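Q: One-letter residues, chain by chain:
2 protein chains.
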Amino acid sequence: MQKKIDLYCMAYQDRSDRVRWLLEELKIPYQDHFLKKAAGEMDSPAYRQLNPMGRTPTLVDGDIVLFESAAICMYIADTYGYGSFAPKIEDRQARADYTKWMIWSVGSLECVIARMFTHVSTEEEKKVTHAFNKQQAEIFKLALNPILSKQDYILASGFSAADIMLATIIPGAEEFLVKGNPPLEAYMARMMKREAAVRAKVF
Amino acid sequence: MQKKIDLYCMAYQDRSDRVRWLLEELKIPYQDHFLKKAAGEMDSPAYRQLNPMGRTPTLVDGDIVLFESAAICMYIADTYGYGSFAPKIEDRQARADYTKWMIWSVGSLECVIARMFTHVSTEEEKKVTHAFNKQQAEIFKLALNPILSKQDYILASGFSAADIMLATIIPGAEEFLVKGNPPLEAYMARMMKREAAVRAKVF
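Chains V and B are the protein sequences, given in the same order. For the first sequence, our numbering begins at 1 and goes up steadily by one. For the second sequence, our numbering begins at 204 and goes up steadily by one.
Calculated directly from the structure, the hints in this document are not laboratory data. Predicted model, so just to flag it, every value in this text is computed and none were measured. Some hints could be false.
[To be verified] Calculated pairs, DMTMM-like style, for lysine to aspartate or glutamate (alpha carbon to alpha carbon, straight line, at most 20 Å): (1) B:K291 x V:E90; (2) V:K141 x V:E185; (3) V:K88 x B:E328; (4) V:K126 x B:E328; (5) B:K239 x B:D209; (6) B:K329 x V:E125; (7) V:K3 x V:D63.
[Stated by the list, open to error] Away from chain B, derived, C-beta distances all over 12 Å, residues of chain V: (8) M53; (9) E174; (10) E175; (11) E195.
[Unchecked claim] What follows is a list of derived Cβ distance ranges for each label pair: (12) V:A11 x B:L345: 19 to 25 Å; (13) B:V401 x V:D32: 46 to 52 Å; (14) V:H119 x B:A399: 40 to 46 Å; (15) V:G172 x B:A214: 27 to 33 Å.
All C-beta atoms, glycine included, are put in the ideal place defined by N, C-alpha and C.
Could you build the full structure based on these sequences and the hints that come with them?
A: Structure, rendered in structure tokens:
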């Protein structure tokens, strides 16, 4: 019997959400471990052994230990869903597109969305931040809308781990990116209906 | 004869640096295209066809077009350096480590370094930013120092595209992360000596 995969996280709706969703899609047995930051559980020597930065999520699959949610998803998709949830290396066009969206979701989308929530206090700062957020969302739309207007998933080949990354990160810019933008409203509605996402309590 | 790869960028030392370095390591023929932002060359319909967000770098390799520097490096390593510059999928431990560092370099390192350079004006803001930068660099050290104290490259298997990502991004936090930190000083010195990096004018 396959040993269960261990998933260390803080809550269902932190960056472990995408990992859990993918595990549910692939019907891989796993065990959640909810760490209590206030109780110092992310600073324990045992946990720091797994994740030296004391962050979550961390995945333990037998001998394999890794962190960074997108890397965990790429590892799971390559190991348990190769050729379906992740295009094969030799399928060059699809693999290039897949890799592009996996990286884009982290480097261009999530990184900027995190900045959208930078603490602002004065009215002037709020105005600047609001303008920044709107402008960034328009750039995101340039990348996403043409594709999601003509196909259901970000890859022409169908649903993949790249959709899981995008659909867990996009809601962070809900107000600017999704609301009143039909291709993304439809995309998110499609994603939220997936049984694996429901089981994983993503939304 | 193989058609040359086209690399669209703004300057040698923008995010095209890591792509050029990797191409030089692999001795793949390529052509640089330096775009002039002020002349609107990033907004031309022809360029927007390649990169809808009008950013750089963009790679064109025959039919394959992609953006996001880390994705471009993963694509090149998987296509032209599979099993050397990128571990093979079936080499699970090395591939997991590789993927982790490729993603970490973008999502945790570069994203935070970009915030380090957020414009600050008041003395109070400068203090807060300086404290933030020092604290973040200490977290980076937790991830990097234990590994780079005992081996020359981030992967136990040797030099890979992950080193190129790290070595092009780490200098952004030079003052906080490298100076006075022997494992990283030695690592960066090793990287800067690589002939391919010199040919690519990375440093």
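Q: Beyond 12 Å from every Cβ of chain B: is that where the Cβ of M53 of chain V lies?
A: Not fine: 5 Å to the nearest Cβ puts M53 of chain V too close to chain B.
Q: Decide if the proposed pair is consistent with the structure: K88 of chain V and E328 of chain B, CA atoms, cutoff 20 Å inclusive.
A: Violated, because 48 Å separates the two Cα atoms, which is more than 20 Å.
Q: Is it true that the C-beta distance of V401 of chain B to D32 of chain V lies inside 46 to 52 Å, as the hint says?
A: holds (48 Å)
Q: Are the Cα atoms of K329 of chain B and E125 of chain V separated by 20 Å or less?
A: Since the Cα atoms of K329 of chain B and E125 of chain V sit roughly 16 Å apart, the hinted pair holds (cutoff 20 Å).
Q: Grab the minimum beta-carbon distance between E175 of chain V and chain B and tell me whether it stays above 12 Å.
A: holds (20 Å)
Q: Can the suggested window of 40 to 46 Å be confirmed for the beta-carbon pair H119 of chain V and A399 of chain B?
A: Given range 40 to 46 Å: holds, Cβ gap about 42 Å.
Q: Would the least Cβ to Cβ distance between E195 of chain V and chain B come out above 12 Å?
A: E195 of chain V clear of chain B: closest Cβ-Cβ about 27 Å, beyond 12 Å.
Q: Would the pair K126 of chain V and E328 of chain B pass a check requiring their Cα atoms to be no farther apart than 20 Å?
A: holds (16 Å)
Q: For K239 of chain B and D209 of chain B, compute the direct alpha-carbon distance and say whether it is at most 20 Å.
A: holds (16 Å)
Q: Does E185 of chain V lie within 20 Å of K141 of chain V when you go C-alpha to C-alpha?
A: holds (12 Å)
Q: Next pair to validate is K3 of chain V with D63 of chain V; report whether the Cα-Cα distance is within 20 Å.
A: Holds - the C-alpha atoms of D63 of chain V and K3 of chain V are around 11 Å apart, at most 20 Å.
Q: I want to verify a distance hint. Is the separation of the beta carbons of A11 of chain V and L345 of chain B within 19 to 25 Å?
A: Holds - the Cβ-Cβ distance for A11 of chain V and L345 of chain B, about 23 Å, lies within 19 to 25 Å.
Violated hints for the displayed structure, listed by number in ascending order: 3 and 8.
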